[in-house]
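Listed here are the chains, written in short residue letters.
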Amino acid sequence: MSHPNDLESAYKAASNEQPSNEVDQLIIQAATDALNTVVNENESTEIKDKRNVIKGRFRFGQWQTPFSMAAAALFTVSFLTTYDLWQFNDEDFVEESLQSPLLESKPFDKKISEDEALKPAPTVTLSQEADNTKDQAISPNMITVQAVEKSIDDSDDEIVVTGRRIARKKARRTPKREAINSLNDSEVFSKAVASPSSETKINIKSGNLNLGISQRLALIESDVNNDKVENAKAEIAILLNQHPLSTFSKHQRDRFDNINTKIQLAQNKEQK
Amino acid sequence: MDTSLSTSSEALMLAYAKGSADAFTKLYVLHKAPLFRFLLRQGIQNGRTDEVFQEIWLKVIKARDSYQSTARFQTWLYSIARNHLIDEFRKQGKTVEIELQESLTEDLRSKTVEDSIDYDSKKQQLIANIKVLPFEQREAFLLKHEAGMNNEDIAIVTGTTAETAKSRVRYAMNQLKKQLGGS
Chain G
1 MSHPNDLESA YKAASNEQPS NEVDQLIIQA ATDALNTVVN ENESTEIKDK
51 RNVIKGRFRF GQWQTPFSMA AAALFTVSFL TTYDLWQFND EDFVEESLQS
101 PLLESKPFDK KISEDEALKP APTVTLSQEA DNTKDQAISP NMITVQAVEK
151 SIDDSDDEIV VTGRRIARKK ARRTPKREAI NSLNDSEVFS KAVASPSSET
201 KINIKSGNLN LGISQRLALI ESDVNNDKVE NAKAEIAILL NQHPLSTFSK
251 HQRDRFDNIN TKIQLAQNKE QK
Chain R
1001 MDTSLSTSSE ALMLAYAKGS ADAFTKLYVL HKAPLFRFLL RQGIQNGRTD
1051 EVFQEIWLKV IKARDSYQST ARFQTWLYSI ARNHLIDEFR KQGKTVEIEL
1101 QESLTEDLRS KTVEDSIDYD SKKQQLIANI KVLPFEQREA FLLKHEAGMN
1151 NEDIAIVTGT TAETAKSRVR YAMNQLKKQL GGS
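Those protein sequence lines, which keep their order, are chains G and R.
The first sequence stops at residue 272 when you use this note's numbering, and every number in between is there.
The second sequence stops at residue 1183 when you use this note's numbering, and every number in between is there.
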């Protein structure tokens, strides 16, 4: 048995095992069933397709596809036509929205006159019209709402009072130079810095506000010396608006005290 | 492997894929015995050879549509069988195979050493010796002598080169000779 041919022949002689008949039948049956299953699957697919058509379901990639796509396109067109979406324009839509009354407002660059600005807003007052016999039948205690314009006193005193309020308000904080310059142009400010006397008319030239403390003090001193006390007061007001006392040097402070003393004396003289 | 058989096997498989049940029956008759013995010699545990054999043919049935005529049916069939066999061994675990081999070796030793005269057939001894061969040598030997494959086909099925397949067959033969010569 040492020869290879002997070994192979011995092996071949021993190799006679076979699967059992039962196994053979099972496998062949499985192969046949697999073929039948495929046929059944194909048939069931056809049946399913028919059912889908009946139920209105369409499978993509089949003969129904063009019809379903056409139906979808038709629906889209009709939808757009119904709501007039063909002519929808973004810009028009935005413009129309901005023109809405809710968004209406005065332009920011519109200049409002000072009188208009100072004019008090109309207030709503409630008045009871118990004497109205005509409406008594409907509602004896009817309350009507009336818009009553606040009376405006055009006298100079009234304006001055308002102006003082503005002046005091400005004095509390350090004003910006640009703001002071703009105020300088306004008539209201001119009146505000003036004394309560309605007869005095002060005209401060534009640019005077930019003077320094010493220059301003010199102006005030000249006014005081010329008995222009009111002018001097106005200048003082401007000076203090521009330069708080804390920024004064000792010499300037002495000059300022001296001016005050002179003004006091002049006023005492006038009162006497 | 006979060329006419091979050609007819491919034709039969294609015919079966197209729906001919008779073609499969013929194909099965041609290949059932070699494949069954190929599995039988592998030392599958617990008499599961029949089940593994059926499972392999079921795989062939399921994969009929993927079969292409460019591949030889025999190499295709044994590739499926080999993969399934490896899966089966993995399920059993490596230790099972080793234990099996050791027990068989012990059995052979006891028979060859103690009472070789009572050992009824040298043929049976040969088969037992095949089972204790290393897996790679065993499968190469069985593919050559059961399936009748040449070295190239064995290389295709086992995923090696023809030279490697040839070496494995030679080692298996030498191993068997040693064991049988000792008796």
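Hints are computed from structural coordinates only; laboratory data are not their basis.
Note that beta-carbon positions come from the ideal geometry of N, C-alpha and C, so glycine has one too.
Treat each hint with caution, since some may be false.
Sample of chain G residues facing chain R (criterion: CB under 8 angstroms; computed from the structure) [claimed, not checked]:
#, residue
1, Q18
2, S20
3, I28
4, T32
5, P66
6, M69
7, A70
8, A73
9, V77
10, G212
11, E230
12, I259
13, I263
Hint by hint, here is what the structure shows:
no. : hint : result
1   : Q18  : holds, 5 angstroms
2   : S20  : holds, 7 angstroms
3   : I28  : holds, 6 angstroms
4   : T32  : holds, 5 angstroms
5   : P66  : violated, 30 angstroms
6   : M69  : violated, 32 angstroms
7   : A70  : violated, 36 angstroms
8   : A73  : violated, 38 angstroms
9   : V77  : violated, 45 angstroms
10  : G212 : violated, 103 angstroms
11  : E230 : violated, 114 angstroms
12  : I259 : violated, 113 angstroms
13  : I263 : violated, 115 angstroms
Checked against the numbered hints given earlier, this structure breaks hints 5, 6, 7, 8, 9, 10, 11, 12, 13; the rest are met.
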